[in-house]
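Q: Chain by chain, the residues run as shown.
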Amino acid sequence: MKTIKDEQTPESEELKRRRRSGGGWRLIKTLFKSCSGSKTKPLERSDSMKGLFKSKPRTPADVVRQTRELLVFIDLNSNVSSTKRDEKMAELSKNIREMKSILYGNGDAEPVAEACCQLTQEFFKDKTFRLLIVCLPKLSLETRKDATQVVANLQRQQVQSRLIASDYLEANKDLLDILVLGYEDMDIALFYGSMLRECIRHQSIARYVLESDHMKKFFDYIQLPNFDIASDASATFKELMTRHKATVADFLTKNYDWFFPEFNQRLLSSTNYITRRQAIKLLGDILLDRSNSVVMMRYVSSKDNLMILMNLLRESSKNIQMEAFHVFKLFVANRNKPPEIITILVTNKSKILRLLDGFKLDKEDPQFEADKEQVITEISSL
Amino acid sequence: MADEEKKPPFPLDPKSYKLLNEIGTGVSAVVYKATCLPRNSMTVAIKSIDLERSRANLDEIRQEAKAMALLSHPNILRAHCSFIVDRHLWVVMPFMAAGSLHSILSSSFPDGLPEQSIAIALKEILHALLYLHGQGHIHRDIKSGNILVDSDGSVKLADFGVSASIYEMQQSSSSGLLRMSAAQASFCNEMAGTPYWMAPEVIHSHTGYGVKADIWSFGITALELAHGHPPLSHLPLSKSLMMRITNRLRFEDAHVKCNKDPNKKKKFSKAFKDMVALCLAQDPAKRPSADKLLKHPFFKNCKSSEYLIKNVLQVLPKAEERFKETRTDENQSEINNIVERDNAGNLPPLVKNRRVSGWNFNVDGLELVPVFPENINLDVEKEEDEDINTENSKHPSEEEKEKEEKVMHPSSVLKQMLVPSLVALFASLDLQRGMVFNVLEGCEHVGGESTEEKTGEETERQLEEYVRNLERIVEELNLNLQEEMKRNAYLEELLEKLKRNSEPQGNNSN
Numbered sequence: 001m002k003t004i005k006d007e008q009t010p011e012s013e014e015l016k017r018r019r020r021s022g023g024g025w026r027l028i029k030t031l032f033k034s035c036s037g038s039k040t041k042p043l044e045r046s047d048s049m050k051g052l053f054k055s056k057p058r059t060p061a062d063v064v065r066q067t068r069e070l071l072v073f074i075d076l077n078s079n080v081s082s083t084k085r086d087e088k089m090a091e092l093s094k095n096i097r098e099m100k101s102i103l104y105g106n107g108d109a110e111p112v113a114e115a116c117c118q119l120t121q122e123f124f125k126d127k128t129f130r131l132l133i134v135c136l137p138k139l140s141l142e143t144r145k146d147a148t149q150v151v152a153n154l155q156r157q158q159v160q161s162r163l164i165a166s167d168y169l170e171a172n173k174d175l176l177d178i179l180v181l182g183y184e185d186m187d188i189a190l191f192y193g194s195m196l197r198e199c200i201r202h203q204s205i206a207r208y209v210l211e212s213d214h215m216k217k218f219f220d221y222i223q224l225p226n227f228d229i230a231s232d233a234s235a236t237f238k239e240l241m242t243r244h245k246a247t248v249a250d251f252l253t254k255n256y257d258w259f260f261p262e263f264n265q266r267l268l269s270s271t272n273y274i275t276r277r278q279a280i281k282l283l284g285d286i287l288l289d290r291s292n293s294v295v296m297m298r299y300v301s302s303k304d305n306l307m308i309l310m311n312l313l314r315e316s317s318k319n320i321q322m323e324a325f326h327v328f329k330l331f332v333a334n335r336n337k338p339p340e341i342i343t344i345l346v347t348n349k350s351k352i353l354r355l356l357d358g359f360k361l362d363k364e365d366p367q368f369e370a371d372k373e374q375v376i377t378e379i380s381s382l
Numbered sequence: 001m002a003d004e005e006k007k008p009p010f011p012l013d014p015k016s017y018k019l020l021n022e023i024g025t026g027v028s029a030v031v032y033k034a035t036c037l038p039r040n041s042m043t044v045a046i047k048s049i050d051l052e053r054s055r056a057n058l059d060e061i062r063q064e065a066k067a068m069a070l071l072s073h074p075n076i077l078r079a080h081c082s083f084i085v086d087r088h089l090w091v092v093m094p095f096m097a098a099g100s101l102h103s104i105l106s107s108s109f110p111d112g113l114p115e116q117s118i119a120i121a122l123k124e125i126l127h128a129l130l131y132l133h134g135q136g137h138i139h140r141d142i143k144s145g146n147i148l149v150d151s152d153g154s155v156k157l158a159d160f161g162v163s164a165s166i167y168e169m170q171q172s173s174s175s176g177l178l179r180m181s182a183a184q185a186s187f188c189n190e191m192a193g194t195p196y197w198m199a200p201e202v203i204h205s206h207t208g209y210g211v212k213a214d215i216w217s218f219g220i221t222a223l224e225l226a227h228g229h230p231p232l233s234h235l236p237l238s239k240s241l242m243m244r245i246t247n248r249l250r251f252e253d254a255h256v257k258c259n260k261d262p263n264k265k266k267k268f269s270k271a272f273k274d275m276v277a278l279c280l281a282q283d284p285a286k287r288p289s290a291d292k293l294l295k296h297p298f299f300k301n302c303k304s305s306e307y308l309i310k311n312v313l314q315v316l317p318k319a320e321e322r323f324k325e326t327r328t329d330e331n332q333s334e335i336n337n338i339v340e341r342d343n344a345g346n347l348p349p350l351v352k353n354r355r356v357s358g359w360n361f362n363v364d365g366l367e368l369v370p371v372f373p374e375n376i377n378l379d380v381e382k383e384e385d386e387d388i389n390t391e392n393s394k395h396p397s398e399e400e401k402e403k404e405e406k407v408m409h410p411s412s413v414l415k416q417m418l419v420p421s422l423v424a425l426f427a428s429l430d431l432q433r434g435m436v437f438n439v440l441e442g443c444e445h446v447g448g449e450s451t452e453e454k455t456g457e458e459t460e461r462q463l464e465e466y467v468r469n470l471e472r473i474v475e476e477l478n479l480n481l482q483e484e485m486k487r488n489a490y491l492e493e494l495l496e497k498l499k500r501n502s503e504p505q506g507n508n509s510n
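If you read the protein sequences in the order shown, they are chains A and B. According to UniProt numbering, the first sequence is numbered sequentially starting from 1. According to UniProt numbering, the second sequence is numbered sequentially starting from 1.
Keep in mind the hints are simulated off the structure, nothing from the lab. Here the structure is a predicted model, which means the values were calculated and not measured. Treat the hints with care, since some could be wrong.
Unchecked claim - Derived Cβ-Cβ restraints for the label pairs, each shown as a range:
| # | chain 1 | residue 1 | chain 2 | residue 2 | range |
| --- | --- | --- | --- | --- | --- |
| 1 | A | Pro261 | B | Pro38 | 47 to 55 Å |
| 2 | B | Lys18 | A | Val159 | 17 to 25 Å |
| 3 | A | Ser140 | B | Glu115 | 31 to 39 Å |
| 4 | B | Ser269 | A | Asp185 | 48 to 56 Å |
Idealized CB from N, CA, C, for every residue including glycine.
Chain A extracted, bound-state conformation (with noise of 0.2 Å):
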């Protein structure tokens, strides 16, 4: 941004006039000629921008046309580094930017829906989508900032009351593999997060990474040392855990003999606390989800899930043990609780009365000193 800045300032009475006369498009037009007007520029390239302040401006298919074409060429020159290759890396760059401009709006001007469909279904039509996260690696910081945000406003693009982005992933599914993967690579895991993230709000490609082999890898992913990876790994996780209801109460059933006994064990059991802090308060938003009532029954029957949860209750953490509280009270509330389970809520019935009597908030919260009482009746009429 400063770069444009401070090429502007020669012309910046220029500038000034055309803001004056002219809204948000023609000030993105101006900053790209502005962004041109560096002294070593090519003839070509000059000339077209000036295309731009012609009668007939580009359209949203032509930038995507554009973007494609150089995606080609970045790809396949990959390991040329010639000033040619560092001209067309500008030139996509102001291109990507341009997209971003086009569907998000730009300063006081909104989009307009008429250019982001069309956009949207240039950008679909051909493998601009694929080209783009295969050469994001390759992509200067910024550039790789508009392309994730580009194709995540993509994803909620509608064409003719379609989604299309929806039916291109699932023609490219291998595409999931290679976002889910990129939580592997420094360089890059936060764009394919963030792009991966926006892909799974389309309920076919949340299942399609839910039943992959993928999902053992998030076990791994969450724990990564590196902050930024693990918590951006842990909201995707999060997401396709609690997003599409139906899709996930299904997948919990299928996978339950294997997915619980990893989360208790290597999230619940984990030395680490965000981790453990993260994977309660997940656990609590699954288990208490209606759709997964079934699960649900079932993780409240085992005696080791209770095992592991009354651990958690007795954290010196007050975030856990309230979460820990929240799952704690279904193992209760349970109706038909397991004779075990009985026996063990019986025989440590006076030191989770202690306990629950001394558990307090910082903040007052009606629903959850109901459910303590609830609780502590329950456990006192054992």
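Mind docking chain B on chain A? Use the hints.
A: Positioned in the frame of chain A, the structure of chain B alone reads:
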């Protein structure tokens, strides 16, 4: 990113860093000066955020980490890396030797910096804002405390604790919308920031606020640098917030009471005053963008960072020494949140309520040894000897901690009481505003700007009347507020008394 690639990445374990000393504290974070051992003991700053105490939820912290990882600009402090250490998040950052402008002010320039130095620092911050806003980010907490200076005179904007991304926002808040725009999305609705620097629309945010809130705070920061403290900071916080909603802030407001001698009053250039006035327009739309501000005459002929080094940095004591001095002046509530540390910088475990010694799972005799995960097993062993029935007698250390908590109590009670009433007050203000706007709309008959011009005078008269009404209401609310505060003070006193009475008897103070 490019220059980082040549060197090995910053290590992600605490053993690779040696903490030297504290250079700053916040409510739930401490900043250390440290060295990174595998990198030739290069000096770094490490912000250690206590995740258990931090009010921010983990999503917010994730946003901050992500923002800091992805922003790349010479005037923005970018994190080297971040990782979890116990219950803390360590954010490793470049060490800015001269510290924050706030600490520079309070140690060496209590009455403000010279104007030329202000121009240099502010210009750098404008570059940072231009970049941030272009990226769709709102910083939301611009103030001198978040502007850091290095020994080479470079100036960086720091602390993205409350910053928001307008692109991220729309994901969570308007997931129903399929087509969003930057213009629509660049409004946030939560209240964030540090009160004295907050823009009016942030305080009574019912319309949401955008990047222009940063421009307001930038203006306040300019005043802060000119006078040594933000305007209206001599007033209690609640009143300061009120004043901002009802009045225009003027350049001199920062000066009230700080200089009793009128002859000593500082002189500032017209350009400076004009620049600040532009930033402090009540209507966010009238405030200039960062881009426009950079073209303001005040920033023309701006000196280089050399000037900053010669005139400001060279007269300063070292950052860590300044920290030691100012630390004692910090207000009590912050001090209360600092907990003594051991040498490794670890916090002692927080004991909020008595813990239950290990559960008894092997009741049915089927398992002789309960299957505890290892780390918990350790805990259990430590506490095994604790007898459950006689636990009414407390450990001496626990008693101490309870006392500590009690000392903190009155202020937190006060906060609990004051905050909801303030919030209610603002809500009612908003309500009134809404009503007035409704009436105004009814009066105007036809919308559109052209009619507004024709009946301009008439509407203006009406407006004035409503404004007067509003002011009366605000006055009333203000009185209410003061009463509320008096009551709170009384309650606090009562609490204090109760505490004193209960101390000799024991611990029950209900």
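Q: Need the list of violated hint numbers for this structure, in ascending order.
A: Result: hints 1, 2 break, sorted rising.
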